[in-house]
Every structure is written in C-alpha cells, then in structure tokens.
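Q: The primary structure of each chain is shown beneath.
There are 2 protein chains.
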Amino acid sequence: MAVAQFIPSSSSLTKRTTLYSSQLSQYLSSTHKPLLTLRRTNYAKICCSVTSNEVQAPVAKQSNDPIKKPECFGVFCLTYDLKAEEETSSWKKMINVSVSGAAGMIANHLLFKLASGEVFGPDQPIALKLLGSERSIQALEGRAWEQCDHAGVAMELEDSLFPLLREVSIGIDPYEVFQDAEWALLIGAKPRGPGMERAGLLDINGQIFAEQGKALNAVASRNVKVIVVGNPCNTNALICLKNAPDIPSKNFHALTRLDENRAKCQLALKAGVFYDKVSNMTIWGNHSTTQVPDFLNAKINGFQVKEVIRDTKWLEEEFTEKVQKRGGVLIQKWGRSSAASTAVSVVDAIRSLVTPTPEGDWFSTGVYTNGNPYGIAEDIVFSMPCRSKGDGDYELVKDVLMDDYLRSRIKKSEDELLAEKRCVAHLTGEGIAVCDLPGDTMLPGEM
Amino acid sequence: MAVAQFIPSSSSLTKRTTLYSSQLSQYLSSTHKPLLTLRRTNYAKICCSVTSNEVQAPVAKQSNDPIKKPECFGVFCLTYDLKAEEETSSWKKMINVSVSGAAGMIANHLLFKLASGEVFGPDQPIALKLLGSERSIQALEGRAWEQCDHAGVAMELEDSLFPLLREVSIGIDPYEVFQDAEWALLIGAKPRGPGMERAGLLDINGQIFAEQGKALNAVASRNVKVIVVGNPCNTNALICLKNAPDIPSKNFHALTRLDENRAKCQLALKAGVFYDKVSNMTIWGNHSTTQVPDFLNAKINGFQVKEVIRDTKWLEEEFTEKVQKRGGVLIQKWGRSSAASTAVSVVDAIRSLVTPTPEGDWFSTGVYTNGNPYGIAEDIVFSMPCRSKGDGDYELVKDVLMDDYLRSRIKKSEDELLAEKRCVAHLTGEGIAVCDLPGDTMLPGEM
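Protein chains in written order, with the UniProt record's numbering: chain A, 1 to 447; chain B, 1 to 447.
It is possible that part of the hints are untrue.
Note: identical chains are not told apart, hence a pair may lie in one copy or across any two.
[Unchecked claim] Listed below are the simulated DSSO-like cross-link pairs for lysine-lysine, each with C-alpha atoms no more than 30 Å apart in a straight line:
no.	residue 1	residue 2
1	Lys333	Lys190
2	Lys92	Lys250
3	Lys299	Lys93
4	Lys306	Lys250
5	Lys398	Lys313
6	Lys92	Lys299
7	Lys190	Lys398
8	Lys333	Lys93
9	Lys83	Lys313
10	Lys313	Lys299
11	Lys389	Lys299
12	Lys214	Lys299
13	Lys313	Lys190
14	Lys190	Lys411
15	Lys190	Lys299
16	Lys214	Lys190
17	Lys411	Lys333
18	Lys83	Lys411
Hints were generated in silico from the structure; no laboratory data involved.
In isolation and in its complexed conformation, chain A is listed as follows (with noise of 0.2 Å):
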C-alpha cells in the first residue's frame, strides 16, 4: 500500500509540557541526556484529569493567551520536539485531526484507525481534537466530570500504546478544537426527533454546520480537508462551505464512499466475483435515497457490468434499492447501526486523497458543483467520481458515459438537493428559506 503523501501546510509541532512535577526534575537531573525539552504551557486547564498525580494538576489558565486552545488530556498533555529523537527524526510533521461526534459510535471505530497509523501512514504522526457536543456544554453548569463526554474514549487511546498518536485533547468550542486542523471529520449531527419534519432536521443540523463552517473560516488550517458524515451530509457540507468562505469550497467534502462500497458489494455478489473486482463504481448525488449507484459506468474485471450481470431489470430495479436498504437491514434484522462500516468508509475516502488513485479507476465523493462537465446545477454538493494524485486534492472524472437512465436519476437527485437548499438559504446567506422538500428520503437506518 502507498503512503501517504500528504504534507500539511501548517505545522502543528509545538513543544510543550504541563509537566514540573519534582520527581521529573529528578528525573531531568539524574540523566546526561535529557530526551525532552520542557516548557510550562500556557494553556494548561485540565477538565478531564482520571489520576490524581500531578501530571494532571490544573494550572490556571492565562487570559492574555493569543490562541485559544481545546483542553489536552492526561499523558497527551506532553508534546515532544519528534525531530530531536531517534526514532522519531525521520517522521512527518505532525497533522491536526478534528472529530466531531467523537463519543459517538462511528467515532469510537474512527479515532482507533486514525491513531493506529492505518490512515496516514506508519511515520505520520497526529494530534486529534475532540469536539464536545451539545450535552457537554449543557453539563458545563457545574457538572465537572460529565462535561467531557470524550473523555472515556481519550482513556482508551491512552490504553492503546499508539505511537503515533502524540496529542488528544477535548474542547466544546469549535473555535479552539478547529485551531489549525488539517482535517476536519464531522461526525456529529443530531438525529431526527419524534414527529420532527424533514425541514426540522435540516434547520437543526444546518445550524450546527453554519456554526462550524464560521469557526473554520476562523481558526483552521487554510488548505483544511472536510469530511462531513453528519446526514443530511451534502446539504450540511454546503451550509459548512458557505459559512467559510476563506477556505477553497473544493476543499469540503459529503462522505458517500459506504454508499459506493455497498454498491460495489451488492454487484460482486450479483456476479459472483470477488469485490475487489468491481471498479470505477460512482455514487450520484445525495446521500439518500435519490443517490444514483451508477452501473452504467462501473465495471467488473474491466468488463462494463452490463456485459457482466445480463439482467437489466435487476440492474434497474433492484440494484439500487438493495444498496441504500443496507443500513436499515442492519438495523432491522441485528439492531445494529452501520458504526464499523461507516468508519471504513471515512478511512477509504482519506486514503483516496491521500494516495494517488490507480490508473483508470476512480472513487465518489460528494463535492461542491463548481463547473462539472455533466451539466449538474451548480452551486450545490454533489457525489460524483473523481480521482486524486495524492495530494489531499482531486479532480473530477470527465469521461463518463451518461444515457437516458441516469440522467433521469441524477436529475431526480440534483432536484432533491436543489430544494434541500431552498430550504436552508437562511444558513447559507442567500435569503428567506423556502421549504418544498420532496416526499422524505432519509436512508433507513440514518435518522
């Protein structure tokens, strides 16, 4: 497998320690060679303290600190200079991660998969930022330990020994956990409620995504990647963008890479082959039940699948259906939600911009419609099939074939997303919000 080659644009490689604890003085002192270079830190406030030694022990925090800063957590607390040890002189600059939604099911996989090195490659290392949610701001009123909901999976990355991973930290604030972030994974979004209509939950999440959008605009990296998972995702990456208009609008992405595995799954099975025999599998569209799983296009063994699988009807009657059912079947028959899967699919959408794509394949991803030579309205999130060098960045695929069948479908979807954003003008800057919002299309399983 091919490294990452992705270099971040910012360095994040700060040395620093809330660390003066007498027995380290001792420590320092009685060794010739010291490995490490202290200083006290400036923004030293613990919340999340689970010992009681004096590694953790809250310093007061300064108010003439420049830069606001997510509170660190318990050994992630040090930060080494890398360059200045042995083994690891030779590693990248370290890269900020952002997490929203990191208590949550998907992340727990996600966070493990970051820090393991299986991302970004074995000499990456990185610094993960947890955004706290909602629940913990309320818990802020007091309620030391449960404003931070992070803490018991920042617990866990300590348990696990990973090298690579040399910074957790935990903040509620956006605006301190997106401070330099290279990626941004955003996760967290709330699920629909009881009788909640479709236009709720689109203003609900739309807002939380205009608040982050600002807050990268404000504090993030200048080239920062953005993955929304959030649903709706297209149309909270589009608030997300709109509200940063300081950061390339390319630069955010709707995750819908699940929805191209899944696709991809379902034509093996149909044809008997193996998955990874299955290429140039595009997701159109929205991430919901208008997304269009192009078999058109998709091949197997370098075969078109219509050469393939020899049966139209299910091609265009069932395919699809069985595609976007996998979450719900999850739910319904094991009562399970699609957390693993989903986690794979956020490391299979890093890695394609990360590592250059194979020679005549491509990958889906919902980006910003900015001059698409399929004649999709512009100025909306759109999944569509692009490849990358390697670089973090991508284009999109242009030779594609297109009939009847799926411009029909992709018309349906570009019209979903075209009223989804109607119906959130209010979050995008663009004016009153108008909601005729199509019968409900939420994928099962993803309320």
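Dock chain B against the given chain A, drawing on the hints supplied.
A: Just chain B, lined up with the frame of chain A:
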C-alpha cells in the same frame, strides 16, 4: 513496522464456491481468460443470506460430507485460488482465524482490525470463522434470521471491501468453526448474573471452555495458537488446554496485555514521559485484582522505574490499583466498557507473537507454567514476561529481578490461581472440585 513472518502450519486455501448463476456462466463464457476456477461446494447450506439473489440460494447439505464446516456468508462464499491471480500470487497462504463472542463489542473492533491487515500484515489473506453464542443455539428452533446473531457483523465486513478478507463463515458448533484454525481468539464468555457466586461463574464459563478445548483438540491445526479473552481468562485457558491434550499447552494464552498497556500508561503519566518510553513491563499472575504490575523490572527510558519515580509509596500502594481500576472508571464515569482498547491489546498480543520482540524488551502473557524459573507453582496459567522470535512461539525471560515485595505479591496471585484450579477440577479431569476461593477479585468493569 516489521511484517509478520509467522507461517501457518496447515493450508486452508481451497477453491470453492456456491456459484453457478446463469449470469456468471455467461460472463465466464464471454471472457477468454477466466480468472476464477469454480466448482460446486459440498457444504453450501447457507443460513444468513441477506440478499435474495442466486449467490446465496440454499443448497441441500450433503450428508456424506466428511468434514463439517461453518456456513459461509454472502460474498465470502466465493474463495479463489489466490496464487492464480497477478495481484495476489505473492501473498502468503490464507490463515484460518476463529473468533468466539463475535457479535460482542470487543469483536466488533477486533474483526475489522484482523480483516484490514494490520494484525497479520498486508500480504496475509485471512479467513474469519465466527462462533455463534448460546443465544444462537436457542434460536435455532425455527427462527431463521435470529439464529445468525453474527450476520450483522459479517454484513458490515462485506461492505468494508477488505481485500485480504477472503472468507467469513458463521457457525454455532465449535467442532465446525475451529476446523483447521491456526488462531483461536476466545472472547465469548457468560457474564456473571445477579447473585452468582464466583464459583458459579468459574463453573459456567469453565464448561464452555472445556467444550471448546475438546473441539480444538479434535479439529484445529495441530499448532493452533489460542488466546483466551473471556473471563476468568487464566483459569478458562487452563481448562481449555487440559481438554486439548494433543495441542501443546504452550500454545494457550490468557490475555493480560491490556493490563500491561495500562500499567505502561500509568508509569508514563507519573514520570511525565510519553508511553513509548516505558519498556520491560510485566504483569505477573492472574487477570484479576491480584495481578502484579511489576515496577521492579520495568524501565523508563532505559532506567529502572525506581530511579525515575522516587515515590515508593505511590508505586507500592497506588500504581497497581490505578491499573486495575481503569476498566471500572470507564464504566462508572462514562458508561462504556473498554471494548476498543481490549481489541487493541488482542492485536498487540498477536503481533508480539508474530513479530520478533525488540532487543532487550519483553511482553506479558498468561501462559502455562511448565518449568518456569521463578519458583511459581507448576500446572497453572500465569502471566509472565516472554519474548518471541516472531514465529508464533515464545520463551520465558529468565533474567528478571525479584525482591520480597514482588515475591509476596506474586505468591498471592499464585494462591488465587491454585484455588481457582481446585474449584474447576471437575473440568480439568482432575477429580472433584473444591471451591475455597479467596474474596472476590474480579476486575471492576469485567463482571
């Protein structure tokens, strides 16, 4: 990271499939170079189809099948001759990994790690055989879907498209699921019910592990490596190995790696160093509150712990408790079990056996005491310091320090394990059980 060099002792690579669809026949006849060799399987009854196409259509099981097999799942019912394809011809022979408790939270993390290649390496194809729980057995009375409580995780594994994962099968009979197993990861165990005495827990889980030991003895690879995670894991491992006389007792492990990892983290926190600076950490004894995290032999930056942490009171009175209580803190404070970090520690335990131990270091694992150099009672499963050449085997580390404090703590854990052994004598073939267990020593959060 070094790549696993462990070569499995028996081949599990077979060519088989349940496929003979008309589409596939058309496909194969329409291509001049078929990549797969297909033949009908003789064990093709499938219980867990989640789609309705012909790939998963039930086929009568032949009654003269000489070897019972678990049921394959979905796309994994296809198995190929890996050597016949360009991209897989350099891969190692597929290994069979059997996992019990595969519907639980620990396995939900572990299975995806196994499938991704991060455990056994990027050129090691893998077959996962999932052992269903008693709930599955009960559900066998006619309810087709519920009988497969592992089908949900199998479906998510399908959707993850792991190239190395070539087979997933599900069964409820260990004599089927352990067939040719080269690794058996025994996670499943009964939790203690309300009012259940520890002796009752030992008995009910001991019976499960006696049965699984017999099954391993009958059908697993003659050099299978067994890692027992289900608690009480030391005595479960002893029962298992006693019921598998044809498999080397040396091959059975009780997982104490999470304790080792936690101990390293706590020493790092206290010393104010990153956890990768802590080495030579031994957990002695039972995976219970009598466990002995060894600060006499552990090192920090190559120095003895006592040279770095000059707080003997903390080391003797607080350190061990901090290690033990991590799981309890997670449960009590955040309502989460340590599933993710336990799965990471299983990965660490396997990697420690399939990669050479770094020079001068060691790892902890609960193994059969047979000629140990520490004066610990023979014929129990006791966690001790071990090294490996990376061939799946290990040797005990001999040059460790002992002092009165360490010896007295080890003695207490030894006494406990000897008492547990007397309490399961009916399951190890050593006569009538006598339960004179000391007080309750289950770890918090592991009831």
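Q: Is the C-alpha distance from lysine 190 to lysine 299 at most 30 Å within one copy, between copies, in both cases, or in neither?
A: neither (37 Å within a copy, 47 Å between copies)
Q: At most 30 Å between C-alpha atoms: does lysine 214 with lysine 299 qualify within a copy, between copies, both, or neither?
A: neither (41 Å within a copy, 47 Å between copies)
Q: My question is about lysine 313 and lysine 299: at a cut-off of 30 Å on alpha-carbon distance, are they close within one copy, between copies, both, or neither?
A: Within one copy only: 18 Å inside, 67 Å across.
Q: Within, between, both or neither: how does the pair lysine 306, lysine 250 come out at a Cα-Cα threshold of 30 Å?
A: Classified as neither; 33 Å inside a copy, 55 Å across copies.
Q: Regarding lysine 83 and lysine 313, is the shortest C-alpha distance of 30 Å or less found within a copy, between copies, in both, or in neither?
A: The answer is neither: 60 Å in one copy and 36 Å across copies each exceed 30 Å.
Q: At most 30 Å between CA atoms: does that hold for lysine 313 and lysine 190 within a copy, between copies, both, or neither?
A: Neither, since 38 Å and 48 Å both go past 30 Å.
Q: Between copies, within a copy, both or neither: which fits lysine 333 and lysine 93 at Cα up to 30 Å?
A: neither (45 Å within a copy, 35 Å between copies)
Q: Regarding lysine 333 and lysine 190, is the shortest C-alpha distance of 30 Å or less found within a copy, between copies, in both, or in neither?
A: both (24 Å within a copy, 23 Å between copies)
Q: Regarding lysine 190 and lysine 398, is the shortest C-alpha distance of 30 Å or less found within a copy, between copies, in both, or in neither?
A: Cα proximity of lysine 190 and lysine 398: none, with 36 Å in one copy and 56 Å across.
Q: When Cα atoms must be at most 30 Å apart, do lysine 92 and lysine 250 count as within-copy, between-copy, both, or neither?
A: within (25 Å within a copy, 41 Å between copies)
Q: As a check of your reading, is lysine 411 near lysine 333 (CA-CA no more than 30 Å) within one copy, between copies, both or neither?
A: neither (33 Å within a copy, 50 Å between copies)
Q: Are the CA atoms of lysine 299 and lysine 93 at most 30 Å apart within a copy, between copies, both, or neither?
A: between (38 Å within a copy, 28 Å between copies)
Checked against the numbered hints above, the structure violates hints 4, 7, 8, 9, 12, 13, 15, 17 and 18; every other hint is satisfied.
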